[in-house]
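> In case you want the letters, here they are:
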Amino acid sequence: MSTSVEQVTGAGLRGPGSGEVAAFRNVSKSFGPVKAVNDISLTLHPGETVAFLGPNGAGKSTSIDMLLGLKDPDAGSITLFGGTPRQAIMDGRVGVMLQSGGLMPDVKVREMLKFASDIHPRGYDVEDVMKTAGITDIADRKVDKLSGGQEQRVRFALATVGDSDLIILDEPTTGMDVTARQAFWSVMRAQADAGRTVLFATHYLEEADSIADRVLVVHRGRLIADGTAAEIKARAGLRKIAFDLHPEDGVPDLGLLSRLPSLSGLDVSGHTVRIRSNDADATVAALYRAGFYPRGLEVTGVGLEQAFIAITGEQDAADESAALAKENAR
Amino acid sequence: MITLIKVEVLRILRNKRFLFFTLLYPVVMYLMFVSIWGNNAPAPGLSAKTYFMVSMATFGTVGAALSTAMRISLERKSGWTRQLRLTALPGWGYVTAKILASSAATLLAILAVFAAGIAEGVSLSATEWIGLVAAIWIGSFVFSALGVALGYSAAPDSVQPVMMVCYMLMAVLGGTWFPLTGTMQSIGQYTPVGLYNQLGKVIETGSTAQLSQVVGLAGYLVAFAALAAWLYQRDRKAA
Numbered sequence: 001m002s003t004s005v006e007q008v009t010g011a012g013l014r015g016p017g018s019g020e021v022a023a024f025r026n027v028s029k030s031f032g033p034v035k036a037v038n039d040i041s042l043t044l045h046p047g048e049t050v051a052f053l054g055p056n057g058a059g060k061s062t063s064i065d066m067l068l069g070l071k072d073p074d075a076g077s078i079t080l081f082g083g084t085p086r087q088a089i090m091d092g093r094v095g096v097m098l099q100s101g102g103l104m105p106d107v108k109v110r111e112m113l114k115f116a117s118d119i120h121p122r123g124y125d126v127e128d129v130m131k132t133a134g135i136t137d138i139a140d141r142k143v144d145k146l147s148g149g150q151e152q153r154v155r156f157a158l159a160t161v162g163d164s165d166l167i168i169l170d171e172p173t174t175g176m177d178v179t180a181r182q183a184f185w186s187v188m189r190a191q192a193d194a195g196r197t198v199l200f201a202t203h204y205l206e207e208a209d210s211i212a213d214r215v216l217v218v219h220r221g222r223l224i225a226d227g228t229a230a231e232i233k234a235r236a237g238l239r240k241i242a243f244d245l246h247p248e249d250g251v252p253d254l255g256l257l258s259r260l261p262s263l264s265g266l267d268v269s270g271h272t273v274r275i276r277s278n279d280a281d282a283t284v285a286a287l288y289r290a291g292f293y294p295r296g297l298e299v300t301g302v303g304l305e306q307a308f309i310a311i312t313g314e315q316d317a318a319d320e321s322a323a324l325a326k327e328n329a330r
Numbered sequence: 001m002i003t004l005i006k007v008e009v010l011r012i013l014r015n016k017r018f019l020f021f022t023l024l025y026p027v028v029m030y031l032m033f034v035s036i037w038g039n040n041a042p043a044p045g046l047s048a049k050t051y052f053m054v055s056m057a058t059f060g061t062v063g064a065a066l067s068t069a070m071r072i073s074l075e076r077k078s079g080w081t082r083q084l085r086l087t088a089l090p091g092w093g094y095v096t097a098k099i100l101a102s103s104a105a106t107l108l109a110i111l112a113v114f115a116a117g118i119a120e121g122v123s124l125s126a127t128e129w130i131g132l133v134a135a136i137w138i139g140s141f142v143f144s145a146l147g148v149a150l151g152y153s154a155a156p157d158s159v160q161p162v163m164m165v166c167y168m169l170m171a172v173l174g175g176t177w178f179p180l181t182g183t184m185q186s187i188g189q190y191t192p193v194g195l196y197n198q199l200g201k202v203i204e205t206g207s208t209a210q211l212s213q214v215v216g217l218a219g220y221l222v223a224f225a226a227l228a229a230w231l232y233q234r235d236r237k238a239a
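One line per chain: the protein sequences are A and B, in this order.
Residues 1 to 330, numbered by the numbering used here, are exactly what the first sequence covers, in order.
Residues 1 to 239, numbered by the numbering used here, are exactly what the second sequence covers, in order.
None of these hints come from the bench; they were simulated from the model.
There may be inaccurate statements among the hints.
What the hints assert, rightly or not - List of simulated lysine to any residue pairs, SDA-like, C-alpha gap at most 20 Å:
no., chain 1, residue 1, chain 2, residue 2
1, A, 142, B, 79
2, B, 6, A, 119
3, B, 6, A, 107
4, A, 114, B, 9
5, A, 142, B, 237
6, A, 108, A, 120
7, B, 49, B, 201
8, A, 108, B, 14
9, B, 16, A, 106
10, B, 49, B, 161
11, A, 145, B, 166
12, A, 142, B, 10
13, A, 114, B, 6
14, B, 77, A, 102
15, B, 77, A, 100
16, B, 237, A, 148
17, A, 145, B, 15
18, B, 237, A, 90
19, B, 77, A, 148
20, B, 6, A, 31
21, B, 77, A, 75
22, B, 237, A, 106
23, A, 326, A, 38
24, B, 237, A, 75
25, A, 35, B, 238
26, A, 108, B, 17
27, B, 237, A, 87
28, B, 6, A, 118
29, B, 6, A, 111
Produce the entire structure from the sequences given, and follow the hints as far as they go.
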């Protein structure tokens, strides 16, 4: 995807003919005065691993609930595999691990999974499922007697108990320690490599950054960015340029530096200059043209975390000015 | 579907508390009542042994059927019902499996008390036995419907006391513990358990089933099922 993020945000970027797994068309949902989901449109394509990224309360779970037909949108429409969510689920095309999803009480792990595999139209052999999820050792444990991390793995097994085309995971690594989280994602990657479409909600930026090939950023019910992690970082700004100006070259001319093109941040301390730029190539070229001789020049990308803060900050500022304009219009 | 019923029955049979309260408790109560009443007749034409055999069987079945409420309520709270909605299991499958599994339990409850009855020397013809089991078993579906409705009515903390109050009130008014007289009887005979107990008695006393009792129970069944359906829909929308 080489399209700019602005274009990507909004309606589907590829034509509907290329096969869509899921589509939101201008979907909104309110709970009382709160707009949990505000006019979201997006399309998921086969084989993608998509991170649904946003702080708590951004509208991730509500969107997923609607995608699964657990909640109905107030406005707009949602399709899963071209039909209703319920139909897709009945056809066994979706495996789901919900935050709020429970386990069957009073049974053993194996018994519950056997049941789930039996009702799945293309259920797998339970022993294989447990092996993949790494829960063979707790197969005979009662589901009510599992630790938090074990429970998550059992829930994951439940989501992958059959041959589903789309796997949806709502904050799957909540309650897992770092090792468990890494193990989890390596299993998950295998699912994606097998050609499945994976959609996962998370508020861990590093998960979105390292696992997803597409990141959807939701904030206050709106989809504010949609692209690869790299694109989102680019959208937020950006690259960091750092260098020293040698004392022999004289005191850095702040005026000159601040007139460099594509600048979004400038910090000079002593002889060290730190720049944030929207277009590092242009900035660096202009730096040399202006007669500077930067030493130890470093150009690095910002992390997704900073990008995320930058984007949501932009959005908040835009919201505020819109609210202000509304206020003034009265 | 079948597989869910199998698992549900398995879960019921594994639940020791459930087995105690629905199977053992009515049997113990029955033996106690029989020893208290001895050969006194609680009602004209009925021996204590037969009277309490029926009322303790219904006591067991109503308890078993209503306990569905607790299960549904707990599974709603834990999110299991939500997870199930994300499987290929049809929406009605869960409730149907719950009702069928509880009907397997009610059958056990009936047989347990009847076995105690036989041990106490109750003797009926084969047709009477079969008719009695069938009547009580079929009648228990009225309470299964009520159990489902209660299960969808509230959270487990509230369902538990509501269920117990319903259970005890219906049992007293229905003449489960002792035969009713006067005003109590005139009210009690129209309550669900009252009609249910009479259904059993009709077969014991050899008279034909009164249409009014069957109609009355059918009416309760429709009402409870409608209530259950409404609460179920409400729950799905809220989920």
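> Compare the structure with each hint and give your call.
Hints versus structure:
1. A:142 <-> B:79: 17 Å, holds
2. B:6 <-> A:119: 13 Å, holds
3. B:6 <-> A:107: Distance ~12 Å between residue 6 (chain B) and residue 107 (chain A) Cα, so the pair holds.
4. A:114 <-> B:9: 15 Å, holds
5. A:142 <-> B:237: 31 Å, violated
6. A:108 <-> A:120: 19 Å, holds
7. B:49 <-> B:201: 12 Å, holds
8. A:108 <-> B:14: Distance of about 12 Å is within 20 Å: holds.
9. B:16 <-> A:106: 11 Å, holds
10. B:49 <-> B:161: Violated, at about 31 Å.
11. A:145 <-> B:166: 32 Å, violated
12. A:142 <-> B:10: Holds, because 13 Å separates the two Cα atoms, which is no more than 20 Å.
13. A:114 <-> B:6: 12 Å, holds
14. B:77 <-> A:102: 8 Å, holds
15. B:77 <-> A:100: 9 Å, holds
16. B:237 <-> A:148: Distance ~29 Å between residue 237 (chain B) and residue 148 (chain A) Cα, so the pair is violated.
17. A:145 <-> B:15: With Cα atoms ~15 Å apart, residue 145 (chain A) and residue 15 (chain B) stay inside 20 Å; holds.
18. B:237 <-> A:90: Status holds; Cα separation ~19 Å.
19. B:77 <-> A:148: 17 Å, holds
20. B:6 <-> A:31: 39 Å, violated
21. B:77 <-> A:75: Measuring from Cα to Cα gives roughly 28 Å; hence the hint is violated.
22. B:237 <-> A:106: 27 Å, violated
23. A:326 <-> A:38: Since the Cα atoms of residue 326 (chain A) and residue 38 (chain A) sit roughly 18 Å apart, the hinted pair holds (cutoff 20 Å).
24. B:237 <-> A:75: At roughly 16 Å apart (the allowed maximum being 20 Å), residue 75 (chain A) and residue 237 (chain B) satisfy the hint.
25. A:35 <-> B:238: Since the Cα atoms of residue 35 (chain A) and residue 238 (chain B) sit roughly 17 Å apart, the hinted pair holds (cutoff 20 Å).
26. A:108 <-> B:17: 18 Å, holds
27. B:237 <-> A:87: Holds. Residue 237 (chain B) to residue 87 (chain A) sits at ~18 Å (cutoff 20 Å).
28. B:6 <-> A:118: 12 Å, holds
29. B:6 <-> A:111: Since the Cα atoms of residue 6 (chain B) and residue 111 (chain A) sit roughly 11 Å apart, the hinted pair holds (cutoff 20 Å).
Hints 5, 10, 11, 16, 20, 21 and 22, counting from the list given before, are not met by this structure.
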